[in-house]
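Colleague: Protein chains in written order, with our numbering: chain A, 3 to 106; chain B, 1463 to 2092.
Just so you know, these hints were derived from the structure itself, not from any lab. Owing to the predicted nature of the structure, the values given are computational and were not obtained by experimental measurement. No residue lacks a Cβ here, since even glycine has one placed at the ideal position from N, Cα and C. Wrong hints could be hidden among the right ones.
Quick look at which bits of chain A chain B covers, simulated, 3 or more residues with Cβ under 8 Å [claimed, not checked]: (1) 53-59; (2) 88-101.
Residues from chain B that face chain A, not an exhaustive set, calculated with beta carbons under 10 Å [unchecked claim]: (3) 1824; (4) 1826; (5) 2069; (6) 2070; (7) 2071; (8) 2072; (9) 2075; (10) 2076; (11) 2079.
Label-pair ranges, simulated between beta-carbon atoms [stated by the list, open to error]: (12) 95/A / 2046/B: 49 to 57 Å; (13) 101/A / 2081/B: 20 to 28 Å; (14) 2081/B / 102/A: 18 to 26 Å; (15) 73/A / 2077/B: 24 to 32 Å; (16) 102/A / 2044/B: 38 to 46 Å; (17) 2046/B / 85/A: 47 to 55 Å; (18) 30/A / 2067/B: 17 to 25 Å; (19) 102/A / 2046/B: 38 to 46 Å.
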Amino acid sequence: MSLTPVGLEHYLVASGLLFCLGLLGVIMRRNLLVIYMSLELMLNSANLALVALSRHNGNLSGQIVVFFIITVAAAEVAVGLAIIVALYRKKQTAHVEDLTAMKL
Amino acid sequence: MFESSEHFAWLILFVPLIAAGIITVVTREKPRVSAQISIAAALISFLTTVILFSLLPSTGFEHPVSVPWLVIGDLRVDIGLKLDHLSLMMALIVTGVGSLIHIYSAGYMEGERAYSRYFACLSLFTFSMLGIVLADNFVMMFIFWELVGVSSYLLIGFWYEKPAAADAAKKAFITNRLGDFGFLVGILLVWATLGNHLNFDQLRQHLADSPGNYGAVATAAGLLIFCGAVGKSAQFPLHVWLPDAMEGPTPVSALIHAATMVAAGVYMLCRVFFLLDVPGSHALEVIAWIGGFTALLAALIAVQQNDIKRILAYSTLSQLGYMIMAVGLSSPKAAMYHLTTHAFFKALLFLGAGSVILAVHHEQNIWKMGALRKKLPVTFWTFIAGTLALCGVIPFSGFYSKDSILEQALEKNEITLFVIGVFVAFLTTFYMSRLVLVAFFGGERSEEAGHAHESPGIMTWPLRILAVFSIIGGFLGIETLYQRHFQPELPAATVGFMAELFEPFDNQPLSAIFGLGAIIFGFFLAYACYWRTFADPLPAKLGWFARAMRNRFYFDEFYERVLIPATQELLAKIADAIDRWIIGGAVQATQGTTDLFGRALRLVQNGSIQTYAFLLIAGVALVLYFVLAK
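So here's chain B without its partners, still in its complex pose (with noise of 0.2 Å):
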């Protein structure tokens, strides 16, 4: 009955590339309808993609989805789909996610000049994201990694009449093409020790059939892949892109900066685990470590920041980093899970922001708001269920995430990432709480924080949908979902309502209580601190160290003073000198033996008829020669 029903995935990546192509030809003068088009096109994919998931048979769909794409001797590259549970429901939050913020794109960039591109932007972006997801080899993958990078720098500077903009998005740019180059050459490593493969499937066959310690080549090959997703996710030591892209529109940061896009480094480990975990590899260790020293930093900076959207951008490298670190811990079922949530509490988050900022009149500080729990209603309340679900207060779903995060860590031993991740945890919650009390609650500190207004229904309602979700995230099935995909041997443990609600206490109650009593201590800490206060009481108790964090570590100007300097210049120095005396000189060769024979030839032209005669005999009496000679 569904012999080719899964063919129809063809339609989930392409129609919103349709999408864009039509916005950017055809609608270009009509923004409504650029609107309608895009917005049109992610609920067809994600409509496509949720009928796929129930068609979906737990062993995968019989036929491969894919078309021949390059074949140069031996290596075949496909353009093929992958459709199993991990990237099935990985595009139904790149297209639920997605559909809910283009439909609050339309009511926040409301009287923008370039409606249309941002909406074609925003449809390549969501094609783009889609091919990452469904790509069933490396190639495939990395193509779309590319692709997803140029519509992120396109819709980061968006406003490039904005100087910073431009700069925030060249810097985005650049910083992740750092990773994508070390991506690329683990990508060619991979392809050339493991039997010329580029399918995910059939590397993964290849491992199973020859077994072995690929030792030092598996560890070189998973720090390369996984610099992808350092620059992608922005993990330490790129993680300087990620707050800068906050220049971009608050939508476009709720869904590439926060719920998707950034999650493409952590989906990519998922999806290639079975290559990092090969015998003898030490690469989770490192990935391990890096996700977890960046969910601190991020966490440290967070709390020092005073502008709304960067506060929820250190919030996002952190949980970054925990996702990365579950990974690191071998447990790409929390990550995928952490992920899935994240997405949803994230995107709430920025949309809130959003709706925040478009009330105050484009002022980002958290200091000159205040008292707007009255005047944004719905904004407000959303806005707490995401903030609880992203400190992870039970039972929303971020405690689900993050406990089963916490727990792999003290299931694996890793007791000073187990103790990172609950400081995290706690500065989470302190950071979290001292956003909402400075900008929710006590007096107005700004005249325009006092004329606030909510905002229209097509920005509300998005955020509702996506606050029930952030709220019942944990009882969805997901984490069950996962762990199908990625052990299929274990029993599908947990049923009930009841059961999943109290699961985490059941299996591991020490991270569950480790993880609550930091919230607690948390929110306490930043109640002391921030209840009705018109000044950050911090830098007074901290003094060097607050302004530290303020000064994000000061990671900026050491990478613009020192490191880029001593590479970049260097660079620089090294191919100008090739283009000088190189290049140059290949081109000045070329020019000079030229007006040599120019110069030689002149001799020639004397102007004396017998001289043009003589040569003419001459020249006769050769081709005569040669003619005749024979």
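One chain only, chain A, in its complex shape (with noise of 0.2 Å):
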């Protein structure tokens, strides 16, 4: 059984399926930490389209788009995390059902 070589849909239906389990864990999941590590996975999955278009149009840009993603992504993850942390502190509790008021 011969392979077939793997091409630009490949990438882009990887690219989908994971974009798509990371938007089910943002909806369904209920721990806080859970959902931003879903998130992450969106951020990645959209990374892998670029990353895959870049390197079929010959282009270069996509490539340095994704550079800055993983940049402002780890910036990111640096202060949500630490919301996520100060909001335990106070609440005693990571779940999002008992996160909905805007006030503490």
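Could you fit the two chains together into a complex? Lean on the hints.
Modeller: Listed below in structure tokens is the structure:
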């Protein structure tokens, strides 16, 4: 059985699947940390698509965008995790059902 | 040479309006200047009218003076001036008598706080009245008809702090509204039946081109148009507003509620007489009888009134009844003739009454006057001239005009109307003699009457001028003028002073003799009752009938207790139901729907971040689906 060569479609489908998995996680999971991880998954699925298209078009700008995304995501993780930790300390919970009010 | 002299007619109409505007905007704080502007405007209008009148060719001016005002499809409404002998003669009365009353007002209203407002209203009235007189189509006439109502409202309610004046103003306006509604429906009916014309000349032409029996429609249209005259000229059953309108300043009563505005109804009927006269129409019979009935009713009421202005007001009603009756007897000539002379002597009588009222410090009850003959010589003599003219004593003007109406009744073989006319002439003499005997003769009946003194010259000179016209009004050829207008086919009959003096006896001796007999009888009866009396002997003699006359035959009470509850209250209930259930219901439904949506949308805002995320994604997915699905 000969394997078909891996093409653009495969990357894009994998990216789409990853995106949907992340989305499901964001919507379905209750723990803030898991939701956060799912968000990262969605970001990375986008990264995958960008890299694949960049390679396909022979154009490097897609990969440059990916670097930016990784950088910003790192900063975002630092801020986001800090907020989550602060929330947890205040409320003694990291479940979204318990965090429905704007005020603390 | 006089290529476009007719265009000066716009001056007649608009100068008073400009005066009213200037007074309102610029000179409100300067009463003396306001009065001068208003008087000057009236005089300019008067002089322009005189000039145009002297230039008027017998066939009328060549070019129509009009500008289109409203054009919707086939409907075309002009603001145009009809310049013929009828309208210009009426404009002469309005501006001439009006000018005198403007001048008189400057003296009468001296020291009034709202002096400028008074003159602004007076100028506005002059403008509106001239609009009616000069209008060449129905819509324009109706517009000015309403404007006259507004200015009358403003002037009756001039002393609006007095509840009686404010009520009288409202009563006049609302009562007129009833008549005007009929008038408007009548105009629409005429417009729909007679080839979509509104212009008087075109309507007349249309009737001439397609003569035929219009039958019931003509009757209905005639009567509906007559409704307007019933309201404005205060005929039964809408006569109740005029006596109350005496709450306004006395010069206003003279100008609006005696000489001009109330005569507008008669003028309008004469203007559209060709519509009332069409074959198959029975409108004229009704008009004649309503006029006769009003004349009789008002004269009876006048006999037992004690307020000097109310006596004159009922007398006005009664004389207007005469004019309406003359129109109904298909003699617009006689109606306009009586209108003209009546404008002179009734304005004179009202101004005289104003002079008396001012002299006795705003006392209007004739039983608190007395012996004013010596103290107010000019007022007394001019008042006598007016009284004699009103009663119709030969050779005063009233004799000729009243006689031409009675004559007409005899010629038409309307014996009942003739008898009513003669009886009203008797009553007129009776109540006017009562007024004069009680107010001017006998002893002083109150302290104020003792201290009375003559009014200043600015008030007595208009009285003198009007007195002259009241006396010679019968010899000025006014009747011939109107005859030429209404019956151009007849030759101008009488010429020469003596012939004119005794013309009534040549023509219909019976009516003249009966008329004069009624006057003599009325005077001696009044003399017997009221010479040097201090109380009215009639209530004791006539009992309940005198009481009924004093109480105006209970018309106001009947309207207030029976008619208004039956109509207005019912309408109010219906309007209330519509407001509450239909309009209110629509509002409630709108409010309810909004409320429901609000409640539904609130369920979405539950604070769960994941619901928001889900809705966001669902929204994006939906948009993507619609964008990419094609």
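Colleague: Of all the hints numbered above, which does this structure not satisfy? Sort the numbers upward.
Modeller: 1, 3 and 4
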